[in-house]
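Engineer: One letter stands for each residue in the lines below.
Number of protein chains: 2
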Amino acid sequence: MSESLLDRRERLLGPRLTTFYEQPVHLVRALGTKVWDADGKEYLDCYNNVPHVGHCHPKVVEAICKQAGTLNTHTRYLHEGIVDYAEALTGSFADPLNSAMFTCTGSEANDIALRMARAVTGATGVIATDHTYHGNTMAVSQLSCTNPPPDRWDSVDFVSAPDSYRPISSEDWAKEVEAAIARLEKRGHQLSALVICPFFANEGFPDLPKGWLDPAIRAVRKAGGIIIADEVQPGFGRLGTHFWGHEKSGFVPDIATMGKPMGNGHPVAGLVTSRKVMEAFRETFRYFNTFGGNPVSMAAALAVWDVIREEGLQENALEVGDYARAGLRDLAEKHPEIGDVRGSGLFFGAELVHDRETKAPATDFTKAVANAVRHKGVLMNFLGVHYNVLKMRPPLVFSKDDADRMLKAVDEALAEVPLG
Amino acid sequence: MSESLLDRRERLLGPRLTTFYEQPVHLVRALGTKVWDADGKEYLDCYNNVPHVGHCHPKVVEAICKQAGTLNTHTRYLHEGIVDYAEALTGSFADPLNSAMFTCTGSEANDIALRMARAVTGATGVIATDHTYHGNTMAVSQLSCTNPPPDRWDSVDFVSAPDSYRPISSEDWAKEVEAAIARLEKRGHQLSALVICPFFANEGFPDLPKGWLDPAIRAVRKAGGIIIADEVQPGFGRLGTHFWGHEKSGFVPDIATMGKPMGNGHPVAGLVTSRKVMEAFRETFRYFNTFGGNPVSMAAALAVWDVIREEGLQENALEVGDYARAGLRDLAEKHPEIGDVRGSGLFFGAELVHDRETKAPATDFTKAVANAVRHKGVLMNFLGVHYNVLKMRPPLVFSKDDADRMLKAVDEALAEVPLG
Chain W
164 MSESLLDRRE
174 RLLGPRLTTF
184 YEQPVHLVRA
194 LGTKVWDADG
204 KEYLDCYNNV
214 PHVGHCHPKV
224 VEAICKQAGT
234 LNTHTRYLHE
244 GIVDYAEALT
254 GSFADPLNSA
264 MFTCTGSEAN
274 DIALRMARAV
284 TGATGVIATD
294 HTYHGNTMAV
304 SQLSCTNPPP
314 DRWDSVDFVS
324 APDSYRPISS
334 EDWAKEVEAA
344 IARLEKRGHQ
354 LSALVICPFF
364 ANEGFPDLPK
374 GWLDPAIRAV
384 RKAGGIIIAD
394 EVQPGFGRLG
404 THFWGHEKSG
414 FVPDIATMGK
424 PMGNGHPVAG
434 LVTSRKVMEA
444 FRETFRYFNT
454 FGGNPVSMAA
464 ALAVWDVIRE
474 EGLQENALEV
484 GDYARAGLRD
494 LAEKHPEIGD
504 VRGSGLFFGA
514 ELVHDRETKA
524 PATDFTKAVA
534 NAVRHKGVLM
544 NFLGVHYNVL
554 KMRPPLVFSK
564 DDADRMLKAV
574 DEALAEVPLG
Chain X
164 MSESLLDRRE
174 RLLGPRLTTF
184 YEQPVHLVRA
194 LGTKVWDADG
204 KEYLDCYNNV
214 PHVGHCHPKV
224 VEAICKQAGT
234 LNTHTRYLHE
244 GIVDYAEALT
254 GSFADPLNSA
264 MFTCTGSEAN
274 DIALRMARAV
284 TGATGVIATD
294 HTYHGNTMAV
304 SQLSCTNPPP
314 DRWDSVDFVS
324 APDSYRPISS
334 EDWAKEVEAA
344 IARLEKRGHQ
354 LSALVICPFF
364 ANEGFPDLPK
374 GWLDPAIRAV
384 RKAGGIIIAD
394 EVQPGFGRLG
404 THFWGHEKSG
414 FVPDIATMGK
424 PMGNGHPVAG
434 LVTSRKVMEA
444 FRETFRYFNT
454 FGGNPVSMAA
464 ALAVWDVIRE
474 EGLQENALEV
484 GDYARAGLRD
494 LAEKHPEIGD
504 VRGSGLFFGA
514 ELVHDRETKA
524 PATDFTKAVA
534 NAVRHKGVLM
544 NFLGVHYNVL
554 KMRPPLVFSK
564 DDADRMLKAV
574 DEALAEVPLG
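Each protein sequence line maps, in turn, to chains W and X.
Sequential numbering of the first sequence, starting at 164, is according to this note's numbering.
Sequential numbering of the second sequence, starting at 164, is according to this note's numbering.
Wrong hints could be hidden among the right ones.
Treat identical chains as interchangeable: a pair holds within one or across any two.
Said to hold, decoys possible - Calculated pairs, SDA-like style, for lysine to any residue (alpha carbon to alpha carbon, straight line, at most 20 angstroms):
#: 1; residue 1: Lys204; residue 2: Arg239
#: 2; residue 1: Lys530; residue 2: Asp247
#: 3; residue 1: Lys373; residue 2: Gln186
#: 4; residue 1: Lys338; residue 2: Gly583
#: 5; residue 1: Lys229; residue 2: Cys308
#: 6; residue 1: Lys204; residue 2: Glu442
#: 7; residue 1: Lys522; residue 2: Ser327
#: 8; residue 1: Lys229; residue 2: Trp199
#: 9; residue 1: Lys530; residue 2: Leu180
#: 10; residue 1: Lys222; residue 2: Thr233
#: 11; residue 1: Lys497; residue 2: Glu520
#: 12; residue 1: Lys563; residue 2: Val504
#: 13; residue 1: Lys530; residue 2: Thr181
#: 14; residue 1: Lys349; residue 2: Ser318
#: 15; residue 1: Lys522; residue 2: Ala495
#: 16; residue 1: Lys204; residue 2: Thr233
#: 17; residue 1: Lys222; residue 2: Asn479
#: 18; residue 1: Lys571; residue 2: Arg438
#: 19; residue 1: Lys439; residue 2: Gly177
#: 20; residue 1: Lys197; residue 2: Glu446
#: 21; residue 1: Lys385; residue 2: Ala345
#: 22; residue 1: Lys197; residue 2: Lys229
None of these hints come from the bench; they were simulated from the model.
Model the full assembly from the supplied sequences, consistent with the hints where possible.
Structural biologist: Right under this line is the structure:
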């Protein structure tokens with residue numbers, strides 16, 4: 164008998180590699196919001212945010228092919244691509260965010276953002292939430308409690324993940340930030356930055372009112388720190404109401420980092436900041452990224468940029484996201500396990516509980532529902548502090564028909580899976 | 164008057180960005196070993212190692228296009244691409260190097276390698292040479308004296324860059340390594356790894372005999388450390404005599420990292436190590452890279468892999484490299500500024516001096532020669548501890564005609580540029 168793909172993977176790539184679902188899916192093809200496995204089974208993709216404008220979007224594929232066949236070099240030669248994209252990208256930010264830098268991954272972008280914060284503040288302390296993830300470099304993984312490093316730097320401290328279902332007040336959260344600043348100072352680290360996903364995507368995307376972060380942001384700035392907004396998940400129009408997550412939250416960060424959806428799967432990422440921060444970084448650190456901002460990466464990113472506008476994908480995210488959430492709220496009428504439905508645009512989901520009064524998280528149930536839905540041909544995932552939030556974050560070409568198909572699968576799964 | 168591309172670049176991307184040459188080249192098209200600027204001027208590319216099998220190689224472009232139009236997702240789903248490439252790649256390494264991991268950049272690969280060293284040794288000290296560069300993450304940039312960080316970690320120490328023109332003995336170099344180990348231990352850091360490019364590419368690619376590193380490697384292993392071989396520059400057949408740099412040097416590393424040429428410009432990188440090291444890493448650290456090992460990256464890498472073999476590019480590197488070096492030695496007969504000609508395969512160059520007796524580095528002259536040659540339509544660069552080594556590292560499809568064109572340009576430039 165031949166060795167299975169899963170066994171070959173374990174032999175060649177090592178142990179403890181994570182896969183999605185109890186029975187991993189072996190994908191071979193994708194288009195728009197659909198993916199197909201090796202047996203030809205079709206799945207509706209409600210989860211993958213990387214193919215932002217749809218799997219294998221022809222305009223993005225064409226841009227990559229054309230540029231890969233024309234020229235692909237590093238940025239020590241001059242090329243229009245990086246400058247044109249930087250012009251478009253920075254044009255979508257409020258003043259004074261007018262300077263761009265490009266990398267290959269969001270991790271690399273956040274790794275630089277930490278150094279920029281250090282360069283402009285002269286300080287080293289960093290605060291993140293206790294249920295976030297900002298990337299995988301040695302430095303950035305220090306910000307993670309979910310993927311914790313074995314040696315925690317004493318320059319890093321944490322605050323609670325904001326929650327709108329079991330709410331913590333805006334002022335109390337600011338006090339947590341102040342307490343973290345004090346702990347850092349006690350350990351000899353003045354604050355350089357608060358790093359947050361403005362949508363708190365991994366924390367369970369709480370439904371926070373605009374301005375909720377203001378007291379915390381004031382505390383950070385008072386302490387001399389800057390705000391790094393990690394836009395890897397909420398950015399590029401996904402939230403429907405706004406193009407960037409920080410706009411929805413109602414603040415202007417000092418640095419906005421971006422990644423996954425930027426090239427629809429092509430490894431391109433980057434950040435936008437002020438001239439002041441960029442200059443401080445360039446005066447303090449030398450940095451060059453061979454692949455960052457290369458002509459093919461920029462062609463992919465520019466094609467994604469154009470498609471978002473040409474196809475009205477931010478507007479679609481708003482309309483279909485509202486429709487899908489309304490559908491989930493309808494399901495909540497008959498499924499008491501749905502404790503909360505929330506999100507914005509095409510980043511949404513439902514928190515599943517044992518009891519709406521106690522709000523006791525139905526963690527195992529949520530996992531079982533995600534796996535049941537997978538067998539019904541619909542891909543989604545679950546996260547949050549209690550890992551009881553069904554998370555949906557589909558390509559932005561997600562349609563109302565797609566939403567109906569998702570709702571049917573969730574409806575059936577909720578009926579079939581025992582709450583336990 | 165419209166804003167120049169250089170001015171737009173400075174405005175949008177910030178100050179202090181490096182460009183090649185006193186008059187930067189604005190490239191628009193490339194094929195094989197040739198690139199063209201915006202005025203239609205053709206250049207022979209003797210420098211870019213990223214387009215390893217030739218700029219815009221049709222087989223690599225086709226592989227990228229085909230896979231980008233079929234499926235591009237992360238590795239939490241199963242896919243043949245990553246497993247097939249890992250099988251091919253690990254098959255080119257000696258025992259016990261049988262496990263692979265993929266990232267987007269060589270920097271990311273080295274960042275992981277440092278954590279692997281830590282996981283398997285339990286120690287934190289790292290040694291590199293004082294004129295190397297292994298990448299740009301916050302952690303990896305600690306290994307750099309040429310791009311130094313403002314805050315040097317006390318877990319990092321340095322040894323001299325090996326030199327074959329002003330030789331240091333193998334035993335003396337090992338003593339330097341032992342002294343660095345002792346300094347690290349004094350600062351509370353047992354040795355985890357010696358990180359080297361086995362070809363010492365940035366140091367000036369000294370012509371070291373096989374086994375030269377053995378005493379140092381013994382010292383590292385005796386202290387409980389491992390060897391990380393950074394194959395980003397010498398790997399994938401460039402050296403002609405061997406497929407990997409460490410093979411030429413005559414040792415088997417514990418981890419080999421690779422990057423730039425792996426996907427001919429597509430952002431793919433990775434590392435190969437033993438099952439033991441991989442397991443130690445996976446037990447100690449959680450790691451996932453969204454873009455790393457995705458189907459398009461693996462298709463690009465596999466196409467490069469196939470082309471190297473199908474077109475006999477390692478053999479071409481050996482033959483044309485020998486031819487080019489012989490030509491440079493001929494030039495040395497009439498140009499006394501050429502103090503040394505060295506290299507292996509298509510990684511070669513010439514060290515330029517004021518005087519062959521004193522070997523006084525002709526640093527400014529070397530820079531002027533590189534710039535003069537650029538105006539003759541030939542692209543190369545210069546590096547080494549004294550920045551007086553003309554460095555050539557062309558796509559492996561470099562032909563004898565290309566070598567002749569390069570030799571003519573160097574001959575003319577050496578005659579024209581005043582030694583000063």
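Engineer: Against this structure, judge whether each hint is valid.
Structural biologist: Hints versus structure:
1. Lys204 with Arg239: between (46 angstroms within a copy, 18 angstroms between copies)
2. Lys530 with Asp247: Classified as neither: same-chain Cα gap 44 angstroms, cross-chain 31 angstroms, threshold 20 angstroms.
3. Lys373 with Gln186: Neither, since 40 angstroms and 49 angstroms both go past 20 angstroms.
4. Lys338 with Gly583: The answer is neither: 38 angstroms in one copy and 65 angstroms across copies each exceed 20 angstroms.
5. Lys229 with Cys308: neither (42 angstroms within a copy, 39 angstroms between copies)
6. Lys204 with Glu442: neither (52 angstroms within a copy, 34 angstroms between copies)
7. Lys522 with Ser327: within (12 angstroms within a copy, 71 angstroms between copies)
8. Lys229 with Trp199: between (26 angstroms within a copy, 16 angstroms between copies)
9. Lys530 with Leu180: within (18 angstroms within a copy, 48 angstroms between copies)
10. Lys222 with Thr233: both (17 angstroms within a copy, 14 angstroms between copies)
11. Lys497 with Glu520: So Lys497 and Glu520 pass the 20 angstroms test inside one copy only (16 angstroms; across, 91 angstroms).
12. Lys563 with Val504: within (17 angstroms within a copy, 68 angstroms between copies)
13. Lys530 with Thr181: within (15 angstroms within a copy, 50 angstroms between copies)
14. Lys349 with Ser318: Close inside one copy (10 angstroms), not across copies (24 angstroms); limit 20 angstroms.
15. Lys522 with Ala495: within (14 angstroms within a copy, 81 angstroms between copies)
16. Lys204 with Thr233: Classified as between; 15 angstroms across copies, 37 angstroms inside a copy.
17. Lys222 with Asn479: Within one copy only: 18 angstroms inside, 38 angstroms across.
18. Lys571 with Arg438: Result: close neither inside a copy nor across copies, 50 angstroms intra and 44 angstroms inter.
19. Lys439 with Gly177: Close across copies (9 angstroms), not inside one copy (44 angstroms); limit 20 angstroms.
20. Lys197 with Glu446: Neither, since 47 angstroms and 35 angstroms both go past 20 angstroms.
21. Lys385 with Ala345: Only inside one copy: Lys385 and Ala345 sit 12 angstroms apart there, 44 angstroms across copies, limit 20 angstroms.
22. Lys197 with Lys229: Between copies, since 18 angstroms is at most 20 angstroms while 25 angstroms is not.
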